[in-house]
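J.: Kindly produce the complete structure, drawing on both the sequences and the hints.
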Amino acid sequence: MKKIEAVIRPTKLEELKTAMNELEVRGMTIYNVMGRGLQKDIKQYYRGQEVSVDLFPKVKVEIVCMDNAVDMIVQRIQEVCRTGNIGDGKIFIYPIENVIRISTQEQGEKAL
Amino acid sequence: MKKIEAVIRPTKLEELKTAMNELEVRGMTIYNVMGRGLQKDIKQYYRGQEVSVDLFPKVKVEIVCMDNAVDMIVQRIQEVCRTGNIGDGKIFIYPIENVIRISTQEQGEKAL
Amino acid sequence: MKKIEAVIRPTKLEELKTAMNELEVRGMTIYNVMGRGLQKDIKQYYRGQEVSVDLFPKVKVEIVCMDNAVDMIVQRIQEVCRTGNIGDGKIFIYPIENVIRISTQEQGEKAL
Amino acid sequence: MKAKTSIGMVLMLAFIMVVGITMPALAAEELPVDTGNTAFIIVCSAMVLLMTPGLAFFYGGMVRKKNVLSIMMQCFAVMALVSVQWVLMGYTLSFGPDVGSVIGNLNFLGLHGVSIFPSPDYASTIPHYVFVAFQLMFAIITAALISGAFAERMRFSAFVLFVLLWTTLVYDPIAHWVWGGGWLGQLGALDFAGGTVVHISSGVSGLVTALFIGKRLGKDRDTIVPHHMPFTVLGAALLWFGWFGFNAGSALAADGIAGLAFLVTNTCAAAGAISWVAAEWLHHGKPTVFGAVSGAVAGLVAITPAAGFVSPLSAVIMGIMVGPVCYLFVSKVKEKLGYDDSLDAFGIHGVGGTVGALATGIFASTAVNPGGADGLLFGGLHLFGVQLVAVGATYIYAALATLLILKVISMIVPLRVSDEEEEVGLDTSLHGEDAYGYDDMGVNDRLVGIQS
Amino acid sequence: MKAKTSIGMVLMLAFIMVVGITMPALAAEELPVDTGNTAFIIVCSAMVLLMTPGLAFFYGGMVRKKNVLSIMMQCFAVMALVSVQWVLMGYTLSFGPDVGSVIGNLNFLGLHGVSIFPSPDYASTIPHYVFVAFQLMFAIITAALISGAFAERMRFSAFVLFVLLWTTLVYDPIAHWVWGGGWLGQLGALDFAGGTVVHISSGVSGLVTALFIGKRLGKDRDTIVPHHMPFTVLGAALLWFGWFGFNAGSALAADGIAGLAFLVTNTCAAAGAISWVAAEWLHHGKPTVFGAVSGAVAGLVAITPAAGFVSPLSAVIMGIMVGPVCYLFVSKVKEKLGYDDSLDAFGIHGVGGTVGALATGIFASTAVNPGGADGLLFGGLHLFGVQLVAVGATYIYAALATLLILKVISMIVPLRVSDEEEEVGLDTSLHGEDAYGYDDMGVNDRLVGIQS
Amino acid sequence: MKAKTSIGMVLMLAFIMVVGITMPALAAEELPVDTGNTAFIIVCSAMVLLMTPGLAFFYGGMVRKKNVLSIMMQCFAVMALVSVQWVLMGYTLSFGPDVGSVIGNLNFLGLHGVSIFPSPDYASTIPHYVFVAFQLMFAIITAALISGAFAERMRFSAFVLFVLLWTTLVYDPIAHWVWGGGWLGQLGALDFAGGTVVHISSGVSGLVTALFIGKRLGKDRDTIVPHHMPFTVLGAALLWFGWFGFNAGSALAADGIAGLAFLVTNTCAAAGAISWVAAEWLHHGKPTVFGAVSGAVAGLVAITPAAGFVSPLSAVIMGIMVGPVCYLFVSKVKEKLGYDDSLDAFGIHGVGGTVGALATGIFASTAVNPGGADGLLFGGLHLFGVQLVAVGATYIYAALATLLILKVISMIVPLRVSDEEEEVGLDTSLHGEDAYGYDDMGVNDRLVGIQS
Ligand SMILES: Nc1ncnc2c1ncn2[C@@H]1O[C@H](COP(=O)(O)OP(=O)(O)O)[C@@H](O)[C@H]1O
Ligand SMILES: Nc1ncnc2c1ncn2[C@@H]1O[C@H](COP(=O)(O)OP(=O)(O)O)[C@@H](O)[C@H]1O
Ligand SMILES: Nc1ncnc2c1ncn2[C@@H]1O[C@H](COP(=O)(O)OP(=O)(O)O)[C@@H](O)[C@H]1O
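Chains as they are written, first to last, in numbering that gives the first Met the number 0: chain A, 0 to 111; chain B, 0 to 111; chain C, 0 to 111; chain D, 0 to 451; chain E, 0 to 451; chain F, 0 to 451.
No lab work stands behind these hints, which were simulated from the structure alone. We treat Cβ as the ideally placed atom computed from N, Cα and C, and that holds for glycine. Each statement offered as a hint is correct.
Once the Cα atoms are required to be at most 20 Å apart in a straight line, the calculated PhoX-like pairs of lysine-lysine come out as:
hint: 1; chain 1: A; residue 1: K42; chain 2: F; residue 2: K285
hint: 2; chain 1: C; residue 1: K1; chain 2: C; residue 2: K109
hint: 3; chain 1: C; residue 1: K1; chain 2: B; residue 2: K1
Selected chain B positions facing chain E (Cβ under 10 Å, derived; list incomplete):
hint: 4; residue: K42
hint: 5; residue: Y44
hint: 6; residue: E49
hint: 7; residue: S51
T.: Right, here's the structure in full:
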């Protein structure tokens with residue numbers, strides 16, 4: 000099994016959920032993060048003090064799946080989340096050893 | 000070493016902390032996430048607009064531990080967090096290569 | 000590639016960002032977490048009810064980098080984030096299998 | 000059910016139209032209006048109205064994030080329901096010509112006979128409509144106060160029934176007893192702005208309801224803490240502000256008594272805040288904001304019955320007394336007795352109101368207000384006795400009538416939400432809303448769900 | 000550009016100084032001041048001023064988190080710009096001596112000739128300055144209301160131009176028509192506190208602007224939901240409170256009509272909240288807080304033109320009518336027609352104002368207020384006709400004038416932000432600020448960026 | 000320590016009872032009360048009281064999330080402490096019969112001799128209690144304003160001492176000098192509602208304290224930005240609203256001067272907002288909400304001393320002047336000089352108050368208010384000189400007395416929290432509370448900790 004971690008534009012979340020529904024990928028965990036890659040700083044002003052904002056709000060979506068589903072999911076995330084501009088986000092893939100569904104105690108593949 | 004990641008019902012957090020205290024597992028990192036697995040959608044209404052909520056608030060608890068402690072901890076999390084209903088959450092187990100305690104520079108097992 | 004995950008004092012975030020800029024490490028993902036390690040509980044009071052707070056606000060910084068950059072980065076994080084007191088935080092290092100930049104579809108090293 | 004509702008609506012509309020159209024207000028004796036007094040009571044009415052949203056924030060900050068809207072909804076529902084009930088029949092039950100010293104008759108049904116001229120019976124220098132409006136605001140805030148006792152677990156439909164029955168069967172009669180020509184007023188009980196009528200009646204009724212419907216889930220295991228303290232501070236500020244209208248306005252004229260009421264109200268609020276914070280600071284070592292605002296409200300409650308009758312220095316003493324008493328009550332006694340008065344409606348309003356009503360029997364002084372009476376300290380034994388009777392009668396009547404109302408309602412609809420609804424939170428389960436969209440996904444954009 | 004601005008500033012300063020210094024206020028007839036009425040209207044003015052920040056929160060809670068400051072900025076900008084415009088020339092255009100029944104002349108330019116004594120023409124028991132201030136507050140809230148229609152996408156510089164032009168070319172004339180001696184007032188149109196002048200004019204102009212600048216990005220795909228419901232509740236509470244000053248103050252005296260206006264205002268707000276919630280409860284099964292506060296505001300809008308002319312029972316009926324009508328409008332009709340009136344400025348103020356203006360022609364009764372007129376229900380055919388004319392004229396004039404203004408502005412500066420600015424959010428892209436620092440990094444400390 | 004506290008309490012109670020009981024208020028000359036004026040000043044008092052919670056939100060939004068409650072606690076503490084101090088001795092020090100032109104005597108100790116009838120000496124148409132209450136509200140807001148200068152680092156116990164000493168030793172005398180029959184009033188200094196008494200005195204004292212206790216940790220490294228801008232907007236709105244009571248109420252009657260004060264107050268606030276935003280827009284290219292509300296407050300500060308004396312057009316000019324001056328001060332001068340006036344108590348109130356006091360000496364005109372005086376522009380050289388003296392005297396006295404007070408307190412208790420407390424945040428470390436429970440764990444349920 001693998002964990003796919005996609006850090007995306009917040010505005011793309013709905014589309015991504017829809018796309019995952021189409022792939023019948025339902026299980027996912029999502030949270031707000033701040034991040035930076037190649038995106039440039041923004042300036043803000045408070046009573047004349049200039050402040051440089053160098054972290055941007057993103058959403059991180061975690062999807063754990065079988066090895067053979069990885070390509071398909073990553074492919075779809077890219078399609079949906081790409082605008083072609085800096086700031087589109089990144090996808091990270093990690094190894095994972097086991098998954099357990101708490102309600103039923105099922106493990107591994109069955110627990111997904 | 001392993002990282003155990005449990006996505007649980009927010010209401011179970013206190014019990015889980017108590018249970019971990021009993022196992023003398025103190026170190027943990029916790030944050031709010033939204034997630035979905037098999038749970039069904041909820042409807043909300045805003046001036047007559049129906050909105051379908053398909054992400055549910057969960058809490059993610061991360062515990063890094065020695066390999067031999069994994070089973071005991073996972074076992075305990077399941078006991079405490081199971082109500083038997085859909086929405087109880089999931090546990091994920093990942094490999095981890097090293098841990099460092101910043102204050103002392105201890106590494107690996109000692110740093111836990 | 001590796002993922003470095005540092006759970007640090009919120010007040011150290013700015014310095015850490017500056018330090019990473021110096022190392023020319025720009026990509027990172029950051030979010031608020033609550034955690035505990037060896038830190039002691041704090042008491043709060045609400046209309047005379049004592050409440051024991053046993054989770055402390057921390058910031059988690061995730062940096063994905065090439066294998067050979069890990070030591071340098073970890074070293075720098077430790078320098079910047081250490082005050083020598085309990086509560087300085089921890090650094091975790093994980094294996095990671097792949098990274099993809101969504102905007103360009105670059106993979107692996109190039110995507111960092 | 001829809002058919003039934005529609006028929007009911009049509010009937011009600013028909014009734015209203017018949018009453019409204021066939022009975023134009025009678026232009027009566029045409030007493031002259033005093034513009035100063037009228038300006039004063041109109042503005043005071045607006046200030047008292049603002050107390051209920053103030054309460055929504057005061058209470059709303061104290062509950063958990065998942066229930067904040069349910070509290071605000073209850074407060075707004077009270078504003079809406081009681082406003083209409085008052086116009087239709089509440090006012091006449093409270094202030095209609097007396098029937099047997101216990102209730103008003105139906106002369107003013109649908110405000111028939113109320114006009115733009117002063118009534119000779121009440122507040123004869125201000126338009127009758129203004130008196131109606133001012134008194135309405137008291138009915139609203141009283142019913143709203145109760146909700147703090149059973150927050151985070153009552154079914155909204157049951158709450159709607161409760162408010163309508165309670166305001167009609169409990170508030171309206173008690174208001175009549177004290178201010179509308181009823182037996183307590185005749186007896187000589189002093190209740191300047193509503194220590195018994197407002198605070199004891201609501202506090203006691205809240206307590207009874209809290210006992211009746213039981214504790215919140217998990218209450219015994221966990222301490223439930225406020226989710227948004229600045230809201231509670233905002234609410235306390237609006238309450239303090241509105242309370243000036245409440246107490247000073249109860250003079251029903253812009254005169255020296257109103258000025259006295261204003262000053263002692265502020266003084267007792269201040270002293271209450273100080274004494275509560277002092278008590279907790281000594282007790283657990285931290286002066287808290289929650290303590291400061293709670294103490295201020297306790298002080299405001301205590302001075303309410305006394306406002307036009309005591310000196311500023313007596314107000315200092317009353318404030319110093321009420322803070323620690325309420326603090327002890329909500330932090331220790333409540334815990335001991337083990338009931339779940341969620342936001343201390345009884346602990347602050349019931350207890351504070353009792354302290355205030357009795358203190359009125361101690362500190363009232365004709366040297367300050369010749370139109371009042373002398374309390375214990377000034378040799379007035381009688382007054383103290385009467386105050387005891389007023390307090391006792393209010394406790395007993397409010398408790399029994401509330402119990403009856405709850406029994407009746409629980410035969411129609413469950414008072415309490417299901418355990419699952421309670422766990423999910425009332426905002427989502429009862430009202431289908433979340434308070435803070437921005438806590439969910441999408442920092443910059445909250446685009447939830449696909450349109451249906 | 001800097002040079003141009005500086006020159007402009009110098010010129011303006013010079014103008015102001017010349018006018019201000021060479022023309023001291025003339026101490027005129029010295030009509031006596033009634034302290035009660037003056038106290039009343041001063042306080043009412045303050046209450047009406049508070050409605051605009053109330054609106055900032057009412058609206059601010061409804062937008063997405065990334066745009067909340069842009070809404071608040073628009074409301075504050077209106078307060079600032081219209082306040083100065085009014086003193087310089089708005090007041091004289093609206094209330095200066097009549098020119099051809101359509102506009103005021105320039106006699107009061109820069110408030111020349113306005114003094115601490117009452118004007119013989121308006122509100123002759125209160126200082127002229129007080130009348131100016133009270134009327135100013137109406138001009139402010141009206142312009143602010145419009146912004147709800149095109150929230151989350153208008154460029155701020157375009158908004159500034161829009162406010163200045165709109166208040167001068169749309170509000171000032173319409174106010175003159177109805178209240179300043181213009182043709183609608185002469186015709187006998189009843190608009191106690193601004194059903195047409197305030198609510199229809201702003202609602203219609205909002206709708207036109209929303210159509211002109213187009214929908215928000217993603218509007219068709221997603222349902223955009225409020226980011227902070229308690230703010231919306233707070234805003235509604237401040238609006239309800241301030242509306243007492245708005246409607247009761249429109250009597251321009253602390254008298255029985257003011258009292259009537261106060262009571263029916265409260266009653267209609269309450270009935271509006273009830274009927275809206277009833278409608279949605281029947282419709283989708285949940286009574287919402289958002290529905291309750293929206294219904295209350297709809298009720299307040301509807302009663303505005305009628306406040307001094309109808310009985311409390313009529314106010315109940317009007318409230319029951321307006322809730323479902325507005326609910327239907329914002330939940331169904333708007334969707335059908337497919338325009339993006341972001342926060343329902345038209346759906347509540349335009350529609351509710353129309354209901355109210357027509358209902359005034361139905362329910363007004365000289366039995367309640369001898370100074371008013373009789374509506375349809377009391378045999379008054381004429382009034383209803385006149386109300387129709389007033390509504391129609393306001394729709395047409397507001398729509399056309401707004402369209403013209405938008406055309407002109409769009410030739411100077413784009414009305415709408417760029418897509419990227421819209422996606423990032425107006426707070427950061429237009430104003431360089433974030434509303435909630437604490438949502439970002441650093442739970443305990445928000446130390447953003449390196450000092451420049 | 001407990002024993003000591005108890006003894007102190009008993010002694011105080013005894014004192015209060017003796018004074019309170021043995022000295023009933025003397026029913027004096029019984030001047031007639033004007034209901035309009037009384038209604039006005041009572042309501043204005045309530046509005047001014049609301050300014051302090053307004054300030055709590057204005058300031059509270061500006062600090063970091065970890066310190067928001069500490070600010071609110073300071074504001075509430077001032078409300079509580081000064082209210083009691085005023086009744087006990089503050090009023091008599093400020094407004095008791097004059098002793099040597101510098102202070103009031105102790106005739107009104109514990110409000111002995113103050114009654115429900117007007118005082119012949121002050122505001123002879125309103126009850127003496129009302130005058131006491133109105134003046135009290137000024138004492139409260141003044142002390143609260145200071146806290147902005149040393150926010151996020153002062154120990155609460157030191158703050159309590161500071162407030163008590165400062166209000167007694169600084170505010171009370173200066174109020175006496177200007178309004179209580181003291182030397183500045185005798186000299187002819189014009190300070191309609193408190194430019195020197197309120198704003199300069201608090202601003203200067205804040206600056207001195209900020210210098211005395213030093214900068215916040217990390218101040219030099221990071222720009223500390225507001226954590227909750229909507230709170231700051233809410234606070235500014237409540238300040239603007241309350242300021243009407245502050246300035247118009249200072250006429251002490253509901254008359255034309257009150258009306259003038261109202262209108263110029265609004266005008267100058269508006270012009271201040273416009274000019275600040277214009278300045279920053281030209282300077283860094285973005286018009287900010289923070290700028291708009293800061294400019295409005297600066298405008299309100301500037302008009303305060305001038306409110307009853309200048310024309311609306313002069314108010315426009317004053318607003319245009321004060322915005323850029325304050326903006327320059329807080330964005331550039333402060334940075335240059337390197338002190339840490341956290342929330343610009345000096346930058347806005349000190350600087351704005353100075354601008355206002357001097358502008359009064361320029362723009363005041365007897366053509367507008369015959370009871371005032373003529374400023375420079377109208378040939379009045381004398382007034383400007385006197386204003387300079389008043390400003391200078393206030394600067395010097397406030398600075399020296401504050402310094403002395405700080406020295407004394409620092410010998411009793413450290414003024415500043417420990418570095419660790421400061422890093423953790425004052426809310427948790429001093430008050431044992433968190434502002435926003437919902438930011439912590441448990442989205443739906445916040446169940447913190449096991450009950451102890
Ligand atoms: N090396 C990295 N380690 C951790 N997170 C990263 C890294 N690089 C990028 N990210 C995350 O991915 C997000 C998207 O990156 P971004 O720079 O905006 O895209 P790109 O690099 O394609 O321009 C960032 O905001 C950050 O949260
Ligand atoms: N495949 C997955 N990848 C990532 N997170 C998941 C996945 N499946 C479930 N989760 C997380 O676990 C939580 C609990 O899952 P849930 O569906 O409620 O339990 P179950 O699948 O047993 O019904 C979800 O809300 C989500 O956060
Ligand atoms: N075993 C662990 N598993 C997961 N997170 C941990 C673990 N130990 C520590 N942490 C995280 O690291 C943070 C810093 O740990 P802390 O106890 O404060 O440092 P130390 O252990 O050096 O005293 C904690 O708040 C928690 O978020």
